[in-house]
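*Asks:* Dock chain W against chain U, hints included.
Chains as they are written, first to last, in my numbering: chain U, 16 to 407; chain W, 16 to 407.
For the record, the hints were derived by calculation from the structure and aren't laboratory data. Since the structure is predicted, the reported quantities are computational estimates derived from the model, not experimental observations. Be a bit skeptical, because a hint or two may be false.
If several chains are the same, the list does not tell them apart, and a pair holds so long as it fits within one copy or across any two.
For lysine to any residue, the following SDA-like pairs were computed, each having C-alpha atoms within a straight-line distance of at most 25 Å [said to hold, decoys possible]:
(1) K285 - E401
(2) K41 - S365
(3) K285 - S219
(4) K285 - D368
(5) K285 - H396
(6) K41 - G361
(7) K285 - H400
(8) K285 - A397
(9) K285 - E113
(10) K41 - R364
(11) K41 - A102
(12) K41 - D363
(13) K41 - G351
(14) K41 - P21
(15) K41 - G101
There are 2 protein chains.
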Amino acid sequence: MTAPAPRTGVCAPEGFRAAGVTAGLKASGTPDVALVVNTGPDFSAAGVLTGNRVTAAPVRWCRAVLPAGRLAAVVLNSGGANACTGAAGYADTVATAERVAGLVGVAPDEVAVASTGLIGERLPMAALLAGCDAAAAALSPDGGAAAARAIMTTDTVPKTASVTENGWTVGGMAKGAGMLAPGLATMLVVLTTDAVADAAVLDSALRAATRVTFDRIDSDGATSTNDTVLLLSSGASGVRPDPVALTAVVTRVCTDLAGQLIADAEGATKEIEIEVVHAVTEDDAVTVGRAVARNNLVKTAFFGQDPNWGRILAAVGTVDASVAFDPDQVDVAVNGVWICRGGATGDDRSAVDLTPRRAHVVIDLHAGTETATVRTNDLSHAYVHENSAYST
Amino acid sequence: MTAPAPRTGVCAPEGFRAAGVTAGLKASGTPDVALVVNTGPDFSAAGVLTGNRVTAAPVRWCRAVLPAGRLAAVVLNSGGANACTGAAGYADTVATAERVAGLVGVAPDEVAVASTGLIGERLPMAALLAGCDAAAAALSPDGGAAAARAIMTTDTVPKTASVTENGWTVGGMAKGAGMLAPGLATMLVVLTTDAVADAAVLDSALRAATRVTFDRIDSDGATSTNDTVLLLSSGASGVRPDPVALTAVVTRVCTDLAGQLIADAEGATKEIEIEVVHAVTEDDAVTVGRAVARNNLVKTAFFGQDPNWGRILAAVGTVDASVAFDPDQVDVAVNGVWICRGGATGDDRSAVDLTPRRAHVVIDLHAGTETATVRTNDLSHAYVHENSAYST
Numbered sequence: 016m017t018a019p020a021p022r023t024g025v026c027a028p029e030g031f032r033a034a035g036v037t038a039g040l041k042a043s044g045t046p047d048v049a050l051v052v053n054t055g056p057d058f059s060a061a062g063v064l065t066g067n068r069v070t071a072a073p074v075r076w077c078r079a080v081l082p083a084g085r086l087a088a089v090v091l092n093s094g095g096a097n098a099c100t101g102a103a104g105y106a107d108t109v110a111t112a113e114r115v116a117g118l119v120g121v122a123p124d125e126v127a128v129a130s131t132g133l134i135g136e137r138l139p140m141a142a143l144l145a146g147c148d149a150a151a152a153a154l155s156p157d158g159g160a161a162a163a164r165a166i167m168t169t170d171t172v173p174k175t176a177s178v179t180e181n182g183w184t185v186g187g188m189a190k191g192a193g194m195l196a197p198g199l200a201t202m203l204v205v206l207t208t209d210a211v212a213d214a215a216v217l218d219s220a221l222r223a224a225t226r227v228t229f230d231r232i233d234s235d236g237a238t239s240t241n242d243t244v245l246l247l248s249s250g251a252s253g254v255r256p257d258p259v260a261l262t263a264v265v266t267r268v269c270t271d272l273a274g275q276l277i278a279d280a281e282g283a284t285k286e287i288e289i290e291v292v293h294a295v296t297e298d299d300a301v302t303v304g305r306a307v308a309r310n311n312l313v314k315t316a317f318f319g320q321d322p323n324w325g326r327i328l329a330a331v332g333t334v335d336a337s338v339a340f341d342p343d344q345v346d347v348a349v350n351g352v353w354i355c356r357g358g359a360t361g362d363d364r365s366a367v368d369l370t371p372r373r374a375h376v377v378i379d380l381h382a383g384t385e386t387a388t389v390r391t392n393d394l395s396h397a398y399v400h401e402n403s404a405y406s407t
Numbered sequence: 016m017t018a019p020a021p022r023t024g025v026c027a028p029e030g031f032r033a034a035g036v037t038a039g040l041k042a043s044g045t046p047d048v049a050l051v052v053n054t055g056p057d058f059s060a061a062g063v064l065t066g067n068r069v070t071a072a073p074v075r076w077c078r079a080v081l082p083a084g085r086l087a088a089v090v091l092n093s094g095g096a097n098a099c100t101g102a103a104g105y106a107d108t109v110a111t112a113e114r115v116a117g118l119v120g121v122a123p124d125e126v127a128v129a130s131t132g133l134i135g136e137r138l139p140m141a142a143l144l145a146g147c148d149a150a151a152a153a154l155s156p157d158g159g160a161a162a163a164r165a166i167m168t169t170d171t172v173p174k175t176a177s178v179t180e181n182g183w184t185v186g187g188m189a190k191g192a193g194m195l196a197p198g199l200a201t202m203l204v205v206l207t208t209d210a211v212a213d214a215a216v217l218d219s220a221l222r223a224a225t226r227v228t229f230d231r232i233d234s235d236g237a238t239s240t241n242d243t244v245l246l247l248s249s250g251a252s253g254v255r256p257d258p259v260a261l262t263a264v265v266t267r268v269c270t271d272l273a274g275q276l277i278a279d280a281e282g283a284t285k286e287i288e289i290e291v292v293h294a295v296t297e298d299d300a301v302t303v304g305r306a307v308a309r310n311n312l313v314k315t316a317f318f319g320q321d322p323n324w325g326r327i328l329a330a331v332g333t334v335d336a337s338v339a340f341d342p343d344q345v346d347v348a349v350n351g352v353w354i355c356r357g358g359a360t361g362d363d364r365s366a367v368d369l370t371p372r373r374a375h376v377v378i379d380l381h382a383g384t385e386t387a388t389v390r391t392n393d394l395s396h397a398y399v400h401e402n403s404a405y406s407t
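Just chain U, same shape as in the assembly (with noise of 0.2 Å):
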């Protein structure tokens, strides 16, 4: 007999089974079908789903179901995104819900589906439907592991993370190369808790702890079709926290899940901290510092591990006049030193060792008392290489 594995991700607090297996979707012959199961006693659920204004099946099904506030379980998929593929399309959707509903034995609108993978073409559904089944038949509360092996794509390592606190926990995985994969672009992330809590404080504590994690990584600003981050409890714990210590615990889970998106993002050579400080308000600083994370000249520099302060001033320049700064005030600290002061040369920037791979950039509007942090990567040859040379 050996040991059982530890419960962890998914599987991490009390309540919930889950399995990954492999049902021939991904011609790379790896785990493609995860399935996560709530066995309460409790089935409340939020989720937040793409701003993209094209949706996948599945992001359509989650945006029907959600509202009720109660789902019993989460059925992912990699090997294919069931995106832009129409009515047909959507009917596959359905179609895994009903069969998960069937073998977990609760009602198809209680399922959860996800999918990640190339746009555009409709999912093998026989080789699906077989996966839900063998998914279904391994679900174990040790299979929080095998579940995040699943979902990845280009993933070079498995996501998962949990949190404990005072007797209840918060657990979860995640996929995605932090936006840097072409038609694998999706991050999809599964939360669980065995705290006691009702859909809308599952709700505001997980729109809370998205807003100032995933929502601030951007590697390339290409929002995928298929985003998903769900929360679901079980209450199989007893423990009712305050709202705010279930909303600090989510959000440090989000934390640590989206440091592993943004590590592990495809092509990077370099991690990449934007704090842009002393804004008017927080959603300027966001602002500001995603125009930078997205700015190809910033990234590019990056990776030719260049503290070119210009080309960052010049990314800053391009947010509109709704954004509060006087150009002539800004300056720009890269890991530690300040090359630019006042808008123009500041410190030596042969000070600057651009050589670690994470680098951090401080932005001072000198505006106002607001912070925010942005999260990217660099822009390498890989980069273009991955997503040029991906086949479709």
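*Replies:* Same frame as chain U, but now just chain W:
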């Protein structure tokens, strides 16, 4: 005696002299100072400047002198952008205008200044002012080609154009590598005409022309701190064209120059024309076209000669709700093949030939009657190389 060079570019119209000289601003030792002088009898002028909130010293100078609607000369330098150089940098621009004013015998505020090169470094003023002297001495009605060469940075070819109609001519020169070059991304354009036109007429003609030409080429969305487009009239033809006719001819010259910019975009292997049709408003069409033009996943797909309509649709979906369209109604054609119909798989993608340098995308929103075309390039290994290896 050799035959005189043809009067090209800014010297195509009557009433202009130009020169291009080597002042030693560029390590390459290639020509780097250009001078364009209007010999009258009229001196009306108009200009359009960068929308970036971080503006270079010469842009601030032009913003100050353009409202008078009168220019007698334009001095341009490559080898340094004079951006983010503070008050000292602005003083350098003023000194340059004053030097040229003295040489040409006009007032400093009748001299526009434009610079392009690295951001954040002072210009070597002794060399630049000596270059102004040399350029003034070299002024000639045959200097249009030399001036066009002197403003080149990463451009591989000088860019000039002219159109003659009913006794009057519009000419021009441009530099810029379609925003694909880092600190050197700046687009500088000087247009000249011997048509008789008031400054207000020139201004409206220039704004109408740039709106549908230079404003619709977008290689990487990285707006420069130095972008400058000027239009000077000598009135030497004695012909006062109808404003509509003037606008049409200025637009033709701008279209020609904009096409040359995209064709010479650094690192590009594809020239991509994104035509958005059946939008509710022309602005909507431009917004959608620009979202696709700036999407790195779309741009890398074209580099990989992959007709990935899913990435195009996902990019369209990133525009905000102010742009009216139904994702399930969108059709996408690449090089004549409608590979996406009704937001889903359309005709056989294998019929798409992406081997030619020119690619044509049509996005049919089925929402209205308006159309716009945005032109861009692919995202290639050479782009990453040239923008990361670029030494500051």
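*Asks:* List, from low to high, the hint numbers that the structure doesn't satisfy.
*Replies:* 3, 9, 13, 14
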